[in-house]
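For the sequence shown, the residue numbers in our numbering are 253 to 355.
Worth flagging that the hints you see were computed from the coordinates, not collected in a lab. Be aware that a few hints might be false.
[Stated by the list, open to error] Capping the alpha-carbon separation at 27 Å, the derived lysine-lysine pairs in DSSO-like fashion look like this:
no., residue 1, residue 2
1, Lys284, Lys256
2, Lys258, Lys290
3, Lys256, Lys290
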Amino acid sequence: MLSKVKRRVNITDDTQDDLLLDIIEQNENYIKLYLGTKIIDDSRLDAVILGMSVDTWNKLGEEGKISSIYSDYRNDFPRQIISQYVHILDAIKKESLGIIRFF
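Kindly generate the complete structure, drawing on both the sequences and the hints.
Dropping the structure here:
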């Protein structure tokens, strides 16, 4: 996952790896909490984790803001990054309700 996030945000060295790993872990934990699970065992969630991690990276330094304006460009931020992905998480959650897992 780290290498995918780095490609998306155009990072070519390892100086930001610890921060990126923190961001990825944070977003995985948000997803686990939302889905009510202790592990992520569905590869479809990789796209959500990737998207949320890139969004989180892009919002660094803008925490607490609802929008930013640079020149003529306005960027509106969602209150919670996960809110952009809830429809995907809900679909996966609904689909997995009938699955029984034995551990």
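(Q) What's the verdict on Lys284 and Lys256, does the C-alpha distance respect the 27 Å limit or exceed it? (A) 20 Å, holds
Q | Proposed proximity, Lys290 with Lys258 (alpha carbon, max 27 Å) | A | 26 Å, holds
Q) Given the proposed pairing of Lys256 with Lys290, does the C-alpha separation stay at or below 27 Å? A) This hinted pair holds, its Cα atoms lying about 23 Å apart.
No hint from the list above goes unmet by this structure.
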